[in-house]
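Protein chains: 2
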Amino acid sequence: MNSAKPWMHCVPDMPITLDGDGPLHEQIRKAFARKISARDLKPGDRLPFEHELVRSLNTSRMTVSRALQALAEDGLIVRRRKAGSFVAEQTAFETPVTIHVPRNQIEAAGKRYGYKRLSKAKMTPVSQGSANHVLHLVCLHTADEKPVLLEKRWINLDAVPAAADETFKGLPPGEWLLRNVPWNEAEHTISAIGADEETATCLQIKPGTACLKVDRRTWSGDASITHVSLIYPGDQMKLAGQYRPGQQALSAP
Amino acid sequence: MNSAKPWMHCVPDMPITLDGDGPLHEQIRKAFARKISARDLKPGDRLPFEHELVRSLNTSRMTVSRALQALAEDGLIVRRRKAGSFVAEQTAFETPVTIHVPRNQIEAAGKRYGYKRLSKAKMTPVSQGSANHVLHLVCLHTADEKPVLLEKRWINLDAVPAAADETFKGLPPGEWLLRNVPWNEAEHTISAIGADEETATCLQIKPGTACLKVDRRTWSGDASITHVSLIYPGDQMKLAGQYRPGQQALSAP
DNA sequence: CAGTGGTCTAGACCACTGC
DNA sequence: CAGTGGTCTAGACCACTGT
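Chains A and B, in that order, give the protein sequences.
Residue 63 in our numbering sits at position 63 of the first sequence; the count goes up by one each step and never skips.
Residue 140 in our numbering sits at position 140 of the second sequence; the count goes up by one each step and never skips.
Note that these hints are calculated values from the structure, not bench results.
There is no bait here: all hints are sound.
Facing chain B, from chain A, some residues (calculated, C-beta under 7 Å):
hint, residue
1, 38
2, 95
3, 182
4, 184
5, 191
6, 192
7, 193
8, 208
9, 210
10, 211
11, 234
Since we're looking at a predicted model, the values are computed, not measured.
For each residue, glycine too, the CB sits at the ideal point set by N, CA and C.
Using the sequences and the accompanying hints, generate a full structural model.
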């Protein structure tokens with residue numbers, strides 16, 4: 001029986017070519033990122049051991065280790081003690097999507113930012129466990145007087161009692177929370193919906209128009225802070241993300 | 001005149017409390033992430049200098065430096081030579097969105113994956129500079145025989161001539177490209193569209209139904225490889241992202 | 001020009017794990 | 001149990017930058 005396992009494979013002749021640009025650990029990282037990106041190293045292939053790279057590159061172990069750890073953090077390789085470092089299998093991939101605070105986003109586009117609170121109401125939720133009292137807000141954000149974002153928000157008054165005293169007539173609740181309430185965990189969901197009657201009226205679009213909906217739930221420890229639905233007319237808003245070469249996991253083209 | 005500038009502010013008494021769990025550099029990183037998350041340290045505040053932390057924590061500079069560099073990579077702090085490390089201002093934030101290979105995503109949900117190539121055609125694009133010949137594909141992905149994803153793809157035959165000889169009848173083009181073509185850069189756009197007649201027919205939904213559209217453009221160096229539009233019925237597909245505590249930049253609740 | 005972070009070295013000990 | 005990566009130390013020199 002052949003004892004050579006597929007994941008033990010290591011390209012026999014692997015000259016590491018550094019580009020001489022920037023810090024040494026970054027050059028090493030880029031060199032392997034290039035090889036992986038170009039399929040010169042394939043998923044499952046073993047990289048040289050740290051001590052081999054230390055010898056061949058005539059450097060110290062910290063420098064090599066830093067390069068390989070960066071690759072591991074980016075998901076390009078997997079490191080296992082006693083076994084070595086291996087090119088990661090490619091299944092899913094993650095792309096960073098940037099979601100801006102409405103005011104910044106609109107002003108960055110060179111437009112005049114406008115804000116209006118449409119409604120504010122205290123509620124006692126029928127379902128949900130943690131919150132006894134909830135503040136519900138509906139707000140409209142405009143760019144050059146044109147509605148571009150409908151915000152439906154629920155704030156947990158048990159966790160944020162001070163919110164009950166705020167009118168939110170001048171300051172959007174997102175910005176108020178940002179300044180006043182600490183949080184440490186958030187969850188996002190992006191989906192597409194057809195505008196219902198109320199949404200369509202607020203955004204001055206036809207009912208049924210496709211809209212992008214971003215749901216964000218925010219926690220502080222175990223306590224739920226707020227849940228917000230941001231509804232953008234689909235043709236006016238796009239969320240964009242970009243890879244930087246060799247800095248992310250690979251995926252399906 | 002008072003020479004103390006606002007960004008020079010540093011909380012005078014800043015006891016760093018480590019939780020004693022895990023590597024030291026990680027404990028230090030978490031300690032400051034906690035302080036920032038809880039607004040104990042506010043945007044613009046200066047963190048202690050490296051040499052101060054080395055003294056107060058009785059450790060080495062490499063360890064402190066590694067913790068602070070991790071915070072800088074996560075966007076929680078900004079580091080400036082000669083000035084110090086400061087809590088970052090919070091404007092936008094990024095959330096990682098996971099986009100799976102259709103087959104994996106459907107099979108992970110415990111459903112039967114199905115695939116059908118609807119059309120394949122060579123085209124000569126009227127606009128666009130880099131590609132003279134383009135292969136256009138329309139494919140349908142199903143879960144338990146139900147259409148869940150329409151894929152419209154364009155492949156640059158100048159960069160990937162081998163694609164012309166593939167039928168793509170059994171193997172989705174995304175998986176074929178993943179196995180055969182290296183790439184190193186990708187750009188994503190997420191938007192909402194109403195289904196047109198053709199899309200609605202393919203996905204067996206009513207025309208005008210809101211759909212989530214993910215556009216991905218892929219490059220290898222300067223050469224464009226492929227552009228794909230993935231169209232999901234809005235109610236069936238959500239893209240989800242999540243923060244891990246203290247590992248990401250802060251933003252608007 | 002002085003003080004900060006950025007990088008690097010040559011060691012060390014330890015935890016885990018595959019054999 | 002031997003070999004790998006994970007972490008850490010106590011130094012060093014350098015680049016940048018604010019004053």
